[in-house]
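Turn these sequences into a full structure, and let the hints steer you where they fit.
One line per chain: the protein sequences are W, S and L, in this order.
For reference, each letter of the first sequence is one residue, going 1 to 198 in this note's numbering.
For reference, each letter of the second sequence is one residue, going 1 to 557 in this note's numbering.
For reference, each letter of the third sequence is one residue, going 1 to 322 in this note's numbering.
Read the hints as simulated data drawn from the structure, not as lab findings.
One thing to keep in mind: the hints can contain errors.
Sample of chain L residues facing chain S (criterion: CB under 8 Å; computed from the structure) [to be verified]:
{"no.": "1", "residue": "H21"}
{"no.": "2", "residue": "T34"}
{"no.": "3", "residue": "T36"}
{"no.": "4", "residue": "V94"}
{"no.": "5", "residue": "S159"}
{"no.": "6", "residue": "Y196"}
Only some residues are given here: those of chain S computed to face chain L with a beta carbon under 7 Å [what the hints assert, rightly or not]:
{"no.": "7", "residue": "Y154"}
{"no.": "8", "residue": "A325"}
{"no.": "9", "residue": "V338"}
{"no.": "10", "residue": "I380"}
{"no.": "11", "residue": "A385"}
{"no.": "12", "residue": "Q390"}
{"no.": "13", "residue": "V536"}
{"no.": "14", "residue": "S539"}
None of the values given here were measured: they were computed from a predicted structure.
For each residue, glycine too, the CB sits at the ideal point set by N, CA and C.
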Amino acid sequence: MSAMTNPFPDAASAWELPSRGKVAMAGLIIAESAIFTIFVVAYLFYLGKSITGPTPREVLKTPVFYTICLLSSSLTIHFATKALEGSRPRSFLGFWLLTIALGGLFLYGTGQEWRRLVYHHGLTISTNLFGTTYYSLVGLHAFHVTAGLLMLLSVAMFSLAGRMGTRQYNRVEVLSMYWHFVDVVWVVVFTVVYVLGR
Amino acid sequence: MTSHAIQMPDAKIETHIWVDTLHEWLTTIDHKRLGLLYIAYSLLFLLIAGVEAVVIRIQLMHSHNNFVSPQVFNRMFTMHGTTMIFFVVMPVLFGFGNYLIPLMIGARDMAFPRLNAFSFWLTALGGFLLYFSFLGGSGLYGAGNAPDIGWWAYAPLTARAFSPGHSSDYWTLALLVSGFGSIATAINIIATVLCTRCPGMELSRMPLLARLYLVMSGMVLIALTPLSAAQIMLLVDRYLGGHFFDAQAGGSAVLWMHFFWIFGHPEVYILIIPAFAFMSEIIPVFSRKPIFGYPIMVAATVAIAFVSMSVWAHHMFTVGMNSMANSFFTITSMVVGVPTGIKIFNWLGTMWGGRLQLKVPMLFAIGFLFQFLIAGLTGIMQATAPLDWQLSLSYFVVAHFHYVIVGGILFAIFAAFYYWFPKMTGRMLSERLGKWHFWLFVIGFHLTFDLMHIPGLLGMPRRIYTYEPGRGWDTLNLIITIGAFLQGIAILVFVANLFISYFKGEKSGNDPWDAWTLEWVVSSPPPVYNFASIPVVASRRPLWDEKHPEDPDSRYE
Amino acid sequence: MVGQAFSSPTNIFTPMSTPAHSIFGLSLFVLAITATIFIVVSALLLYAVFKFRNRADDDDREPPQVYGSTQIEMAWTIIPILIVVVLYLATARVIHALQDAPEPLNALNVIAIGHQYWWEFRYPKLGIITANELHIPVSDPARPRPTFMQLLSADTDHSFWVPELAGKTDLVPNHPNRMWMDPQHTGVFLGQCAQYCGVQHAKMLLRVSVDGSEEFAAWVRDQQRPTFPYAKSAAGRRVFEQAACINCHTVAGTPANGRFGPDLTHLMSRATIASGAAQNTPENLRLWIQNPDSIKPGALMPAMKLSDTDLNAVVSYMETLR
Numbered sequence: 001m002s003a004m005t006n007p008f009p010d011a012a013s014a015w016e017l018p019s020r021g022k023v024a025m026a027g028l029i030i031a032e033s034a035i036f037t038i039f040v041v042a043y044l045f046y047l048g049k050s051i052t053g054p055t056p057r058e059v060l061k062t063p064v065f066y067t068i069c070l071l072s073s074s075l076t077i078h079f080a081t082k083a084l085e086g087s088r089p090r091s092f093l094g095f096w097l098l099t100i101a102l103g104g105l106f107l108y109g110t111g112q113e114w115r116r117l118v119y120h121h122g123l124t125i126s127t128n129l130f131g132t133t134y135y136s137l138v139g140l141h142a143f144h145v146t147a148g149l150l151m152l153l154s155v156a157m158f159s160l161a162g163r164m165g166t167r168q169y170n171r172v173e174v175l176s177m178y179w180h181f182v183d184v185v186w187v188v189v190f191t192v193v194y195v196l197g198r
Numbered sequence: 001m002t003s004h005a006i007q008m009p010d011a012k013i014e015t016h017i018w019v020d021t022l023h024e025w026l027t028t029i030d031h032k033r034l035g036l037l038y039i040a041y042s043l044l045f046l047l048i049a050g051v052e053a054v055v056i057r058i059q060l061m062h063s064h065n066n067f068v069s070p071q072v073f074n075r076m077f078t079m080h081g082t083t084m085i086f087f088v089v090m091p092v093l094f095g096f097g098n099y100l101i102p103l104m105i106g107a108r109d110m111a112f113p114r115l116n117a118f119s120f121w122l123t124a125l126g127g128f129l130l131y132f133s134f135l136g137g138s139g140l141y142g143a144g145n146a147p148d149i150g151w152w153a154y155a156p157l158t159a160r161a162f163s164p165g166h167s168s169d170y171w172t173l174a175l176l177v178s179g180f181g182s183i184a185t186a187i188n189i190i191a192t193v194l195c196t197r198c199p200g201m202e203l204s205r206m207p208l209l210a211r212l213y214l215v216m217s218g219m220v221l222i223a224l225t226p227l228s229a230a231q232i233m234l235l236v237d238r239y240l241g242g243h244f245f246d247a248q249a250g251g252s253a254v255l256w257m258h259f260f261w262i263f264g265h266p267e268v269y270i271l272i273i274p275a276f277a278f279m280s281e282i283i284p285v286f287s288r289k290p291i292f293g294y295p296i297m298v299a300a301t302v303a304i305a306f307v308s309m310s311v312w313a314h315h316m317f318t319v320g321m322n323s324m325a326n327s328f329f330t331i332t333s334m335v336v337g338v339p340t341g342i343k344i345f346n347w348l349g350t351m352w353g354g355r356l357q358l359k360v361p362m363l364f365a366i367g368f369l370f371q372f373l374i375a376g377l378t379g380i381m382q383a384t385a386p387l388d389w390q391l392s393l394s395y396f397v398v399a400h401f402h403y404v405i406v407g408g409i410l411f412a413i414f415a416a417f418y419y420w421f422p423k424m425t426g427r428m429l430s431e432r433l434g435k436w437h438f439w440l441f442v443i444g445f446h447l448t449f450d451l452m453h454i455p456g457l458l459g460m461p462r463r464i465y466t467y468e469p470g471r472g473w474d475t476l477n478l479i480i481t482i483g484a485f486l487q488g489i490a491i492l493v494f495v496a497n498l499f500i501s502y503f504k505g506e507k508s509g510n511d512p513w514d515a516w517t518l519e520w521v522v523s524s525p526p527p528v529y530n531f532a533s534i535p536v537v538a539s540r541r542p543l544w545d546e547k548h549p550e551d552p553d554s555r556y557e
Numbered sequence: 001m002v003g004q005a006f007s008s009p010t011n012i013f014t015p016m017s018t019p020a021h022s023i024f025g026l027s028l029f030v031l032a033i034t035a036t037i038f039i040v041v042s043a044l045l046l047y048a049v050f051k052f053r054n055r056a057d058d059d060d061r062e063p064p065q066v067y068g069s070t071q072i073e074m075a076w077t078i079i080p081i082l083i084v085v086v087l088y089l090a091t092a093r094v095i096h097a098l099q100d101a102p103e104p105l106n107a108l109n110v111i112a113i114g115h116q117y118w119w120e121f122r123y124p125k126l127g128i129i130t131a132n133e134l135h136i137p138v139s140d141p142a143r144p145r146p147t148f149m150q151l152l153s154a155d156t157d158h159s160f161w162v163p164e165l166a167g168k169t170d171l172v173p174n175h176p177n178r179m180w181m182d183p184q185h186t187g188v189f190l191g192q193c194a195q196y197c198g199v200q201h202a203k204m205l206l207r208v209s210v211d212g213s214e215e216f217a218a219w220v221r222d223q224q225r226p227t228f229p230y231a232k233s234a235a236g237r238r239v240f241e242q243a244a245c246i247n248c249h250t251v252a253g254t255p256a257n258g259r260f261g262p263d264l265t266h267l268m269s270r271a272t273i274a275s276g277a278a279q280n281t282p283e284n285l286r287l288w289i290q291n292p293d294s295i296k297p298g299a300l301m302p303a304m305k306l307s308d309t310d311l312n313a314v315v316s317y318m319e320t321l322r
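Okay, here's the thing in structure tokens:
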């Protein structure tokens, strides 16, 4: 095997590349954004085209409180990661659990909303175009929130077991990127469904 | 690799029972082994989908033929298309990418080796699911109900009402699963290229193969996902009573078409860009010159990636969009031809003034250039919407896209096989058998696909299991079928070459082609860790600099 | 001349109507441009392969390493862009002329409805409903009388393609489309469904009869008058009305008014049956009614399992439907 000549002996030490985890998560976020975009396009395309059944205006109630919960969870996860970076594990755990609670509250709110829509207004995924596109879009988002919560919960368990420290900061940061993404998607979904769509 | 804490006599350590070897391969996370697994997988499906093609061609040999029933024929063309795109071309391209990228950028493996393995097995599961449809699933047709909805699965043909039974679901699930595998591989490639390059290898010094795979992976992220989204919507329609594509409830069949082609068109660029990558590595080496216009090649590829996201509805010119929309997609489809043409000219410029070694990889590369040129021109013909109102949905289109995929992509893949087989196995493929393979295939290819344009011009639509006599299609179809058989024989010669050369081929050494990129530094095959020490590079062709210290590339870049 | 090289009734290069003519003209222009590009580039490629190939007596020196050239790159970027602009302008004109053509007052209106594996044609202003074989009047260029069609679908996607008359247009459910043609020669023009619509897509054939104005008027009159159920076909008519036939088929003026299958009121005025899959002869008719799968496997008409007597009776009834 030939040895490579090294014309730039200092090159190796000055060679810095981006973090794999962040690049990979950015890639995942791009891919997921494309999936959500298609569901949003379908939602917008079918606005006003339902042949029967309840319309958005008739049945939708803007979930202001639960939206605030979810968006605040972005703030709390930001504080949590900062706390971990600054080696404050108890502060980290506190903010992290708060994030999970806020996310869980959001899911609870979605569940309540759906219960009301199904049982009081008779709107299901098969009722009409609005039902199909609404439950698919909001459901897809809720699915991503759930997946995120499961990951947050596992980190919480590690933290409770005393295993989370500054060394895990990079990974926690990557996970928080995902969580921020989920929030941004909600901003878009919220705007499309509850603002534009009525 | 077996490891023993207890000291054993040497002889015992060397024996590997076949179960151990199998276990190694099933649990490997080494990018080289995964690359070979992808390639072997794709070769298996190439043969299966090839048989499906032969069945199609025998049935179409003359009018009113009875070789297979319409039901079987419709399954054949659906499975042939789906298999070739998702379980032959995509895996083989990911296989070569997996194998070569870490070696070319001086890394020890991909950024996420375990994710890499997971992606392969997801793809493998997808292929298995698709073919299980022949056995499994209930339905009115009984056993043997592979999907028969065409590889685009247009709504509402895929609705429960028109596709009872589960054959459509196998199509949907198989592609959903392997789609996630492809997305994971794309993320892996991006992370590898951006985050694991050896010192000195700035992005502008990477081999074109690595850069082009980077672009292709970016496209996978935003183009494969619309298909996944549409397939989820289809499942919602079929199983949860949704109405995404249900015309009765106000749903739109055209929406499926938009979503599908927003995936479908960039997909074909996803398939061709790695082929461009192979050509950009092979043509310079066999012309003994660097690639002509490296920065332009990168810029052109990025331009193609962007523009290709805006052309999709040229597959829908007959669907009844208004004249503004048709004009828009006409101009974008023509514009995408400009950077593509530029690439052809740059390859020509690479060859110009060089010293062409007409070995088998270069023969396939020249075939590629010639055929890809023709394919691009028939593409321009179809980009003009009014002409497409005649040509669309006819055998002209079938001829065009086979010209791209077989005459272009498959030729590039063959070139890649002959070029990198020595690196992967330590042995050269036989030049003699390679020339037989090449010439048989070229003759068969042109017999089939040159002529195939004509029935399209004479009004023969696609996806028909038989046709009327007296339309002028009979003789042409017969010759087309003969060409298909010739291509089949050529592929068998190729497979024979692979096997024979693996065992008896001439030993290749590290660098049989006198090439210039990092994969030729290491042994053939490379050790599992790739490089004993991570190299440091100062130009695009590190080995050229080594071999020509009086005239290194670093002086000119 | 291109057209005669390959003799075919569905040749896109033998246009018989304005849309097909416009497309033909454009195609010659496009072909000229692409052929020129092909000749130039492949000549350069062949030249390069022959001139620069390594010969056995060449030494081992590497050729001059050339990395690129900005001027050449600019040349071969700008020229293709210019070609694209020219091509696009020529194309946009034709798109607009064909798609945005206004419908004149004297145009014949036909509604085409695609079904799985047959075509329904309605002439709303003339009160005619027929199937599979379209009759339209010839259009004199001096006083044009085009046919404007509205395209609908009852089930999946289809596509109406008669190459000598016009480019194809799809029939998509819930998405009405419009096309027109003005054939300048009389005759029978063939085509078929071009969008895969299921098992028998291949045999969803099209037959367009372009009639001179008198023949067309006569055809219209024939289609508009009621049928005369002759006494000797009463038995057949009874079988027809008691078996499930009337669930799917219409015979105007009788209780049969099913919409799922083709209208049979003037079945005998058609040259073919099963949407072109067979000639309209008594033998084929018998075979079709007895077992549609023998002519068109997978067709949606079920085999009625009639006894021989009933079968013969129904066939003779069908033959009275002129």
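Structure versus earlier hints - violations, ascending order:
Of the numbered hints, 1, 3, 8, 13 and 14 do not hold.
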